[in-house]
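Student: Heads up: the sequence lines are chains U and F, in that order.
Going by numbering that gives the first Met the number 0, the first residue of the first sequence is number 0, and it counts up by one from there.
Going by numbering that gives the first Met the number 0, the first residue of the second sequence is number 0, and it counts up by one from there.
Chain F is faced by these chain U residues, among others (derived, beta-carbon under 7 Å):
hint, residue
1, ALA18
2, ALA46
3, GLY47
4, GLY129
5, THR131
6, ASN146
7, PHE147
8, GLY149
9, PRO151
10, ILE379
Pair by pair, the computed Cβ-Cβ distance ranges are:
hint, chain 1, residue 1, chain 2, residue 2, range
11, U, GLU59, F, LEU133, 50 to 60 Å
12, F, GLY126, U, GLU52, 24 to 34 Å
13, F, ARG106, U, ARG122, 24 to 34 Å
Source of the hints: derived by calculation from the structure; they are not laboratory data.
Think of the CB as a built atom: it goes at the ideal place given N, C-alpha and C, for glycine as much as any other residue.
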Amino acid sequence: MRAGAFGEPRRWAIEHQIAVGEFFDAADFVPVAQAHIMADTESLGEAGVHFLEGLAAAPEAERRVRVPTLTDPRGLDVAVYKRLGQSEAMRALEARLIAALQAFGVLMTDTCINYQTIMPPMRGEHLAMGDTGVVIYSNSVFGARSNFEGGPSALAAALTGRTPRYGYHLDECRRATRHFRLAARPRDLSEWGALGGIIGQALGSYWEVPLIEGVEEVPGSDALKHFGTAMASYGSVALFHMPGVTVERDRGSPARTRPGQPCSDVIGRAEIEAFIASYGATGDKVDVVVFAAPQLSLIEMAAVADALTGRQVHAETTLLVATSPEIKHAADRMGLTSRIEAAGGIVAAGICFYQSYAGELAEANGWKRLMTNTAKLVNIIGGYGYRPTLASLERCVDSAVAGRVV
Amino acid sequence: MAILLRCHPGIGPAVTGTALVAKDNFSARYDLDRKAGTFSRPTHQLFRQSYVGRILVLDQAKGGVATAWMLRDMKERGLVPQALVFNRVNPILAQGAAFAGVTLVDRFHRDVTDLIRTDDQLRIDPGAGRVEILNRESS
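For reference, chain U alone in the conformation it holds in the complex (with noise of 0.2 Å):
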């Protein structure tokens, strides 16, 4: 494959991987079940774009993935983005990358809640997947096996079947290094982000896994994925054990904790709601509001119908939900869409917000205070310009009514 036998998009994806294989210390390569593929083009910009479209170039024999391959949300969904100001050179960047990911047979899923929406993983099964939201539930909810695969490596990954054998593929990094105690059951899927934001700030490296103990109701899956996309927002972290609701906790090995380790953290109310008032902005003018990052589930999107009902935006706030394509197509079957624009919100199929040009979009829009129910979200969306407030759902809904933080 290093010799070019195969065809240049597999040569430079093999060299890919041993440079970062060695650069990690990797001993070997395991071959992965799926690839996931992160390529939005404010991330990828002409370069990216440019990259991908030489490779896509090569004879189909030689360019064609070996596994099934899947990708993250777009840049811009066609049936919206002129309503968001987007641009139409957004547009075309969008349309040739989509273009060259499909010459190498990927599967345009666009979407960061594939776990719940295409391929549930399985435990101890290998992947590339590429992002972190999608690596931390996938690695802890179903003890599946996975590092941050950035765009190029998981592309890499789908066009050799393997990937450099390092980091959450091996046993012994999968241990707990940190505990944790909750001593406060989080009420709603913002505070289940705000408590995963502080595990994430306090452990602050990809190479950490934390155990937290004292969950004593079984989260939903919702939940998780808030819980952890947060924490791998804030701290990159990659993997969480929570006896009694990760599984390789409950069967002992490999999730031990090393010698000499540790004493628990305890982590309260007053530390979630410490959490979220830092992100408060009472009585301030709310530009947009936005449920996103990661995309909503049907059972999501149900309840921002809900919470919507009888109700009618601000005309002064604009008010966004982004959910998978699959999702879409179920909200528009069963009226969940209709309802959520019928009061005067956006519905948005297979983007995520922030991989969306959110730059671009506060110009265009003049937008600045950003309302969310999601802790990754404003982790996030600080370095745009925006001045974001985390809040539960409902304060969220009721805040774009009244086109201010309430």
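Take the given structure of chain U and dock chain F to it, following the hints.
Tutor: Same frame as chain U, but now just chain F:
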């Protein structure tokens, strides 16, 4: 004699340049205005400072996966750090450096943000796992 620091073998070409140091973490998406070439996250210790052409010396890589793509685009537009020197990186920063051909080293024997000061002149040899501080002498 220059101060010699040992680290894990890294990625990219050998380079010489000027350090910009902070006890903070890094993500191209979370922290940078990639059009202006500056740190844009208000809570980052390097807020409003230019990273272009500097050797960034920071603690850890953080956050999401976008940096894996972004470094290459930043390099092609001429708005990229000259090199990245970290205590410990995650896979994304290593993948991004490999994809872009940007110099990256990590895993020193001590906290590298204590060992190197802003405006130090550094020579980095990633293949050998060596960073030299050229403007200061070892005691």
